[in-house]
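Sequential numbering of the sequence shown, starting at 1, is according to UniProt numbering.
Where hints are given, some of them may not hold.
As the list claims (entries may be wrong) - Below are the DSS-like pairs computed for lysine-lysine, each with C-alpha atoms no more than 27 angstroms apart in a straight line:
| no. | residue 1 | residue 2 |
| --- | --- | --- |
| 1 | LYS205 | LYS158 |
| 2 | LYS27 | LYS133 |
| 3 | LYS79 | LYS27 |
| 4 | LYS133 | LYS273 |
| 5 | LYS16 | LYS27 |
| 6 | LYS273 | LYS205 |
| 7 | LYS79 | LYS32 |
| 8 | LYS133 | LYS79 |
| 9 | LYS184 | LYS205 |
| 10 | LYS27 | LYS10 |
These are calculated hints, taken from the structure and not from any lab test.
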Amino acid sequence: QHMCRLLPTKVNRRMKQIAAEIERVLKGIVAKRENAMRAGEATSDDLLGVLLESNMAHCRDSKGAGMGITTDDVIGECKLFYFADAETTSVLLTWTMILLCMHPEWQDRAREEVLRVLGPTGTPDHDGLSRLKVVTMVLYEVLRLYTPVMAIHRETYKPMELGGVRYPAGVVLMLPLLCVHHDKEVWGADADKFRPERFSEGISKASADAPAFFPFGWGPRVCIGQNFALLEAKMGLAIILRRFSFQLSPAYMHAPFPVGMLQPQHGAQLRLKTLIH
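All chains should be built: construct the whole structure from the sequences, respecting the hints.
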């Protein structure tokens with residue numbers, strides 16, 4: 001799989017061009033913000049500003065010893081936050097709307113909760129979003145059935161024993177999230193069905209084995225954008241449910257397709273109807 005990325009295929013060449021363009025654009029943004037911050041013309045109230053301010057302060061404290069993070073490190077962190085948050089949230093909301101079209105009774109339940117807890121107007125706040133139990137159950141079940149990241153990889157950095165098996169350093173281990181999330185021995189005979197109520201008592205009691213639900217990974221290397229992604233998804237879904245009802249277009253074809261993340265191969269054609277409260 002990793003060797004395939006090195007082959008000079010049309011897709012790989014295009015991906016290399018895109019990566020280089022992203023790198024060029026981000027370096028320009030970082031350099032511009034650094035100059036503005038040094039001149040006192042910019043604030044640090046966003047992710048990039050926080051990273052750069054921390055870097056500058058660390059460099060000052062180290063008396064120019066070069067202990068701060070490099071521009072490449074800053075760019076890497078920006079990429080990580082974007083792909084760990086924005087892309088995951090986008091895919092999650094897409095599958096959520098598709099499944100709520102397929103199960104309109106859950107669309108109605110989620111909308112009723114949103115209107116009851118948040119009201120028909122106004123910007124959702126953190127306190128209100130944290131009380132959306134039905135919406136949370138729906139999002140968890142969508143993440144289980146259509147895990148955006150289908151597998152995670154970890155490499156042993158030293159000889160170690162896992163599950164009674166000894167591994168040398170440098171072994172790449174794969175955890176197939178999608179397979180685990182659909183395992184009927186773990187989730188029951190209805191593992192392939194959309195049943196948000198399985199999360200009614202939280203993640204720990206949703207499956208026979210715990211932990212068995214980790215769409216964002218697990219442990220100290222869990223996805224850095226997990227909480228932000230879920231918060232964004234709740235807010236986005238709440239606003240959509242307040243403003244629209246929706247159903248699948250006859251043109252929709254259900255075909256989950258692994259392209260970076262698990263996405264609808266032919267898109268998500270929906271019909272939206274504006275709601276008047």
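Taking 27 angstroms as the top limit, are the C-alpha atoms of LYS184 and LYS205 close enough? 15 angstroms, holds
Within 27 angstroms, alpha carbon to alpha carbon, are LYS133 and LYS79? Status violated; Cα separation ~31 angstroms.
Holds or violated: LYS79 to LYS27, with C-alpha atoms at most 27 angstroms apart: Satisfied, since the Cα-Cα distance of roughly 12 angstroms is no more than 27 angstroms.
Tell me if the straight-line CA distance from LYS79 to LYS32 falls inside 27 angstroms. 17 angstroms, holds
Under the criterion that the straight-line Cα-Cα distance not exceed 27 angstroms, is the pair LYS205, LYS158 satisfied? 34 angstroms, violated
Hinted pair, alpha-carbon criterion (27 angstroms max): LYS27, LYS133. Please report holds or violated. 42 angstroms, violated
Satisfaction of hint between LYS10 and LYS27, Cα-Cα up to 27 angstroms: It holds: about 26 angstroms lies between the C-alpha atoms, which stays within 27 angstroms.
Hint check: LYS16 vs LYS27, CA-CA at most 27 angstroms. Holds or violated? Given pair LYS16, LYS27 holds - Cα atoms ~16 angstroms apart, limit 27 angstroms.
So if I understand the rule, the pair passes when the alpha-carbon distance is 27 angstroms or less; does LYS133 with LYS273 pass? Status holds; Cα separation ~25 angstroms.
Within 27 angstroms, alpha carbon to alpha carbon, are LYS273 and LYS205? 36 angstroms, violated
Of the hints listed earlier, those the structure fails to meet are numbers 1, 2, 6, 8, in rising order.
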